[in-house]
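Top line first, the protein sequences correspond to chains A and B. Using our numbering, you'd call the opening residue of the first sequence number 80 and step up by one each time. Using our numbering, you'd call the opening residue of the second sequence number 48 and step up by one each time.
Derived from the structure by calculation, the hints contain no laboratory data. Please read these numbers as outputs of a predicted model, since none were measured by experiment. Among the clues, some could well be false.
Negatives, chain B to chain A, calculated, CB over 10 Å [what the hints assert, rightly or not]:
(1) Lys98
(2) Trp204
(3) Thr217
(4) Ala221
(5) Ile350
(6) Lys419
Covered by chain B, per the in silico footprint, the following chain A stretches (three or more residues, Cβ under 8 Å) [as the list claims (entries may be wrong)]:
(7) 251-261
(8) 269-278
When the alpha-carbon atoms are kept at most 27 Å apart in a straight line, the in silico DSS-like pairs for lysine-lysine are as follows [what the hints assert, rightly or not]:
(9) B/Lys404 x B/Lys444
(10) B/Lys288 x A/Lys138
(11) A/Lys128 x B/Lys322
(12) B/Lys362 x B/Lys401
(13) B/Lys379 x B/Lys401
(14) B/Lys379 x A/Lys254
(15) A/Lys206 x A/Lys128
(16) A/Lys128 x A/Lys138
(17) B/Lys288 x A/Lys281
(18) B/Lys386 x A/Lys254
(19) B/Lys135 x A/Lys281
(20) A/Lys160 x A/Lys281
(21) A/Lys160 x A/Lys138
(22) A/Lys184 x A/Lys310
(23) B/Lys423 x A/Lys254
(24) A/Lys128 x B/Lys288
(25) A/Lys128 x B/Lys320
(26) B/Lys288 x A/Lys160
We put the beta carbon where it would ideally sit given N, CA and C, even for glycine.
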Amino acid sequence: MRAYNLTHLRELESESMFVLREVAAQFERPVLLFSGGKDSIVVSHLARKAFWPAPIPFKLMHVDTGHNFSEAIEYRDWWAKEINATLVVASVQDSIDKGRVVEEKGYNASRNVLQTTTLLDAIEENKFDCAIGGARRDEEKARAKERFFSHRDEFGQWDPKNQRPELWNIFNGRKHIGEHFRVFPISNWTEMDVWQYILIEKIPLPSLYFTHKRKVFSRDGVIYSMSDFMKLKPEEKEEEMIVRFRTVGDMTCTGAVLSEASTVEDIIAEVAAARTTERGSRQDDKRSEAAMEDRKKQGYF
Amino acid sequence: MTTKSYLDMELLRFTTAGSVDDGKSTLIGRLLYDSKSIFQDQLEAIEHTSKQRGEEGVNLALLTDGLRAEREQGITIDVAYRYFATPKRKFIIADTPGHIQYTRNMVTGASTANLAIILVDARNGVVEQTRRHSFIASLLEIPHIIVCINKMDLVSWSEDVFEQIKSDYTSFAAKLDVRDIHFIPISALKGDNVVDPSQNMLWYNGSTLLYLLENIHIASDVNHIDARFPVQYVIRPYSDKFHDYRGYAGRVAGGIFRPGDEVEILPSGFSSKIKSIDTFEGPLTEAFAPMSVCITLEDDIDISRGDMIVRKNNKPEISQDVDLMICWMNEKSLQLNGKYAFKHTTREGRCVVKDVKYKMDISTMSRLSDDKNLSKNDIGRITIRTTVPIMFDSYRKNRITGSIILIDEATNETVGAGMIV
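Could you put together the complete structure from these sequences and hints?
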């Protein structure tokens, strides 16, 4: 390290820790949204560092679509114990059973959209006043304008045209009763930053991110894992491929990439050479050009 | 890019101000495109849109138009953040629109920037908008300015045009508080002097824009002299192992702290010594801005969020009466004698606006002493009185301890951005 000058990863780390401490100071009942994906893993790791030697002063919450990879669920439970955090699970299946949402039909049915209702219900039931997420501004166009502290009205909605200006590192988390905030501590990180940080911090990850043999099928140019949640069309067939996942989400909308990357270093080399964004394999963004913007307005992550 | 070089990169945050017609989006698109930061799927998406609109070639400006309303109206309405990296540095771009009604967005983008790129259309030279952007960059104490004289292709790559604009800008910038200004003749559309040196302007032997962004010296932009540590959060583990542990978490806002330093706690004035500077990885021998750490003291003193730890012989000002330059950000104008909530470092309270001294005409940079109405996008000088004393430095000395925001108590909106004079 140069004298009195941080590397970019340490500067980003410091900024994120600052944001997490602001959350703990400004809100009464914050919660960290945990998906088992690398971004929320990094955020929870940063939270552990921000409050050490005390435990993380908020719970982890997973919105479980019921269509998750079993590896992600196993990792989730193990990691929560590892960092000494309490885990809350909000279930989309419960929302369906209660009649709060109706399951989509057809070959491309996904519970991805249904998550929004489950998330907002869980925030209301638990009286959470701030939900911390692992979203990054480099992920998608609509996210490039997201604030660190993002205000949500009493319906949980985001109004992109009426966001509070965010100056310097002074974060305004004031709100009326019934409103809440979404806070994104790693807003300024890119996919590459996240991977480099995982490398230098030696953060353990779910095995899905590394190369493995898997039974898959192809649809519209995306490689999906075989699962009980997706029906094959007559012309589709099961195959075995050497793959890994660049993002970990619901099985019905997360595509795999052909890859032999078995270490974090391999993945970094792969990301550096990659020619498509990581959301390129996310079917949920392809529904329309403004798909993410529309979902965010309604209260999506 | 090898792993090793990536781990040793610096971070540079810069802002770009300019209007749609200056070619600002094209310039950013060009930087991203020529530094290979654009992915195939992003490129395909804009190629598709360009074709649909019947445009010639790929419109690089489309890369930065985020929200649907902007795509429909062809304008940028808010601050958008973009990222790219070269083997030397990682860059964060705060991309802001340039129209007068967006002064507040420009101020927002400038607040975190180390560097500002100001675009001048070579055909028009220094215009009102150039002066406005430059004034804001100087008001926000952005340490470095790069004036990009764009569309050189439309003035036959003329050295005379470049020199004339450079000299016009230099004479007007003498009135500004800017320490480091550079001039580059470019064509964002054709790519000249953006990433690759121009073959059309061999008379120019300065660096390209990207070279300058990669090499400009930023290490001394942070104040490493005046030690300031705003206490953000008190850490009490209540565990067997750390039974009596009481740590003060925060991010160093200036200077260097070391264990053994004699410190004073403000505003109480109690003194103590730094016992340790703790992190998850273990104790440190020193901490400097902008590191996030946890400080413990030798003595058991009552300290809470909003207090500030400083060195005994180097203290900030402590006062309830504060003079500031303010940029107003809300539809509802600033109210003289109005009460607002404020946030300054980790401290908050209420304040009353005691006086509006003048409004700035940001196009001519003259003071309007008889117009004291500050509405949205106006900048002026005011005096406030706070309910609790605040510990501050002038914004010029320290951008963290010198900045303050005002909040409307009824709507909770951030309404004003203040720089302490």
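Status of the hints after comparison with the structure:
1. Lys98: holds, 14 Å
2. Trp204: holds, 34 Å
3. Thr217: holds, 29 Å
4. Ala221: holds, 28 Å
5. Ile350: holds, 14 Å
6. Lys419: holds, 23 Å
7. 251-261: holds (count 4)
8. 269-278: Held - the stretch 269-278 of chain A has 5 residues with a Cβ nearer than 8 Å to chain B, which meets the minimum of three.
9. B/Lys404 x B/Lys444: It holds: about 22 Å lies between the C-alpha atoms, which stays within 27 Å.
10. B/Lys288 x A/Lys138: holds, 22 Å
11. A/Lys128 x B/Lys322: It holds: about 20 Å lies between the C-alpha atoms, which stays within 27 Å.
12. B/Lys362 x B/Lys401: holds, 26 Å
13. B/Lys379 x B/Lys401: holds, 18 Å
14. B/Lys379 x A/Lys254: This hinted pair holds, its Cα atoms lying about 19 Å apart.
15. A/Lys206 x A/Lys128: holds, 26 Å
16. A/Lys128 x A/Lys138: holds, 15 Å
17. B/Lys288 x A/Lys281: holds, 25 Å
18. B/Lys386 x A/Lys254: holds, 18 Å
19. B/Lys135 x A/Lys281: Satisfied, since the Cα-Cα distance of roughly 23 Å is no more than 27 Å.
20. A/Lys160 x A/Lys281: Holds. A/Lys160 to A/Lys281 sits at ~18 Å (cutoff 27 Å).
21. A/Lys160 x A/Lys138: Between A/Lys160 and A/Lys138 the Cα gap is close to 12 Å, so the pair holds against 27 Å.
22. A/Lys184 x A/Lys310: holds, 11 Å
23. B/Lys423 x A/Lys254: Given that 27 Å is the threshold and the Cα spacing comes to 22 Å, the pair holds.
24. A/Lys128 x B/Lys288: Holds: A/Lys128 and B/Lys288 sit about 17 Å apart, inside 27 Å.
25. A/Lys128 x B/Lys320: Roughly 24 Å separates the two Cα atoms, so the pair holds.
26. B/Lys288 x A/Lys160: Distance of about 18 Å is within 27 Å: holds.
Figure legend: structure checked against the earlier numbered hints; every hint is met.
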